[in-house]
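K.L.:
Chain residues, written in single-letter form:
2 protein chains.
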Amino acid sequence: MKAEHINPFIESTFSVFETMMGIKPSKKTVELKKGDNPSYDISGIIGLTGQAIGSVVISFPESLALKVVSKFIGEEKSEIDDDVVDAVGELINMIAGGAKKIFTDKGLKFKISIPNVVTGKGHKIKRPSNVPCIAVIFEVDKEFFAIEVSLKENN
Amino acid sequence: MKAEHINPFIESTFSVFETMMGIKPSKKTVELKKGDNPSYDISGIIGLTGQAIGSVVISFPESLALKVVSKFIGEEKSEIDDDVVDAVGELINMIAGGAKKIFTDKGLKFKISIPNVVTGKGHKIKRPSNVPCIAVIFEVDKEFFAIEVSLKENN
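As they're listed, the protein sequences go chains A and B. For the first sequence, the numbering used here begins at 1 and goes up steadily by one. For the second sequence, the numbering used here begins at 1001 and goes up steadily by one.
This is chain A alone, in the form it adopts within the complex:
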């Protein structure tokens, strides 16, 4: 994937977090993801197809997921239940949707599928070894979450 393809996802993440939750995450690192880094405790995944094909993942430790989702839905959440799963799915949907709009303005069109949400401490989300992935780590209140993007232009 091209490095410039990560920026619309970063921009969209900032926008969704600020607009929907009033949270301003700070961007800590942007790097090529190694296959064996574990994900956090709950991850939303959405597939992308069209002129560009791939996937985008948001992954939270449980405590940060609960904090973010509580602000997103306006209700205090203390455990990972269906509401939290739905909210994490909706968050990755909104982030992918925001990025899609930026890409469309640049002339690169794709469609987004329906999210899956993975739960379970220690789960890892991998791609085929020929599919590079860029991981962006964000910080909120001294906790971290990740946005992971794999995207290649269809030729």
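Errors might be hidden in some of the hints.
[Unchecked claim] Below, simulated PhoX-like cross-link-like pairs (lysine-lysine); rule was C-alpha separation at most 25 Å, straight line:
1) LYS124(A) - LYS1101(B)
2) LYS109(A) - LYS1152(B)
3) LYS121(A) - LYS1034(B)
4) LYS1027(B) - LYS34(A)
5) LYS33(A) - LYS1124(B)
6) LYS124(A) - LYS1034(B)
7) LYS77(A) - LYS1124(B)
8) LYS77(A) - LYS1077(B)
[Unchecked claim] Here chain A is said to cover these stretches of chain B; the calculated rule only asks that three of the stretch's residues, wherever they fall, bring their Cβ under 8 Å from a Cβ of chain A:
9) 1044-1057
10) 1075-1089
[To be verified] Okay, the calculated beta carbon distance ranges per label pair:
11) THR1029(B) - LYS109(A): 33 to 43 Å
12) ASP1083(B) - LYS106(A): 30 to 40 Å
13) ILE73(A) - LYS1034(B): 14 to 24 Å
14) LYS1106(B) - ALA3(A): 36 to 46 Å
Since the hints were made in silico from the structure, they are not lab data. For glycine and all other residues, C-beta sits at the position ideal for the given N, C-alpha and C.
Given chain A, work out where chain B should sit, using these hints.
P.N.:
Leaving out everything else, chain B in the frame of chain A:
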């Protein structure tokens, strides 16, 4: 999703297993998946978009994944490594691709994204609560694997 939408995925699963591995799984159950059923140890996920939108998942216990992948790649595998991750991604890609061909012949077109592969004992793969999912359990040599499909026609 419509119940009839599961059949192309079942047909494609049989075809891929028999053609690529010489394995004839038997179909045990087809049912609406409840959100809290755990997945097995390694799962391939692929997103679908177009006239129909959704996702398809294959999930194996570790021992069966190793047995199936060993036949798929013609090399004995004793642990979940990058080769096994790649093979599980390729298997769900082929199953989705086979189903896509059957749907295209029926006049329903969609595109498939790039697979993600989730590893970790006890991980769960969920959908938003308004997205129904049909799970098909197959048996191979007294072990089980699952194909889970969420698909809705775009209106």
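K.L.:
Compare the structure with each hint and give your call.
P.N.:
Outcome of the hint check:
Between LYS124(A) and LYS1101(B) the alpha-carbon distance is near 31 Å, which puts this suggested pair outside the 25 Å criterion. Of the supplied pair hints, the one linking LYS109(A) and LYS1152(B) holds, its CA atoms being roughly 21 Å apart against a limit of 25 Å. Taken as a hint, the LYS121(A) and LYS1034(B) pair is honoured in the structure, with Cα atoms around 20 Å apart against an allowance of 25 Å. A C-alpha spacing of about 37 Å is found between LYS1027(B) and LYS34(A), which places the hinted pair above 25 Å, so the restraint is violated.
Using a Cα cut-off of 25 Å, the hinted pair LYS33(A) and LYS1124(B) holds, with the two alpha carbons roughly 22 Å apart. For the hint linking LYS124(A) to LYS1034(B), the alpha-carbon distance of about 23 Å falls within 25 Å, and the restraint holds. The suggested pairing of LYS77(A) with LYS1124(B) holds, with an alpha-carbon distance near 20 Å, which does not exceed 25 Å. As the CA atoms of LYS77(A) and LYS1077(B) are separated by approximately 42 Å, the hinted pair breaks the 25 Å bound.
Using a Cβ-Cβ cut-off of 8 Å, 10 residues of the stretch 1044-1057 of chain B lie near chain A, which meets the minimum of three, so the contact claim holds. Residues of the stretch 1075-1089 of chain B lying with their CB closer than 8 Å to a CB of chain A number 4, which satisfies the three-residue condition for coverage. Taken as a hint, the range 33 to 43 Å holds for the pair THR1029(B) and LYS109(A), whose Cβ atoms sit roughly 40 Å apart. Between ASP1083(B) and LYS106(A) the beta carbon distance is about 36 Å. The supplied range of 30 to 40 Å therefore holds.
Between ILE73(A) and LYS1034(B), the C-beta spacing of about 22 Å keeps the proposed range 14 to 24 Å intact. Roughly 41 Å separates the CB atoms of LYS1106(B) and ALA3(A), a value that falls within the hinted 36 to 46 Å.
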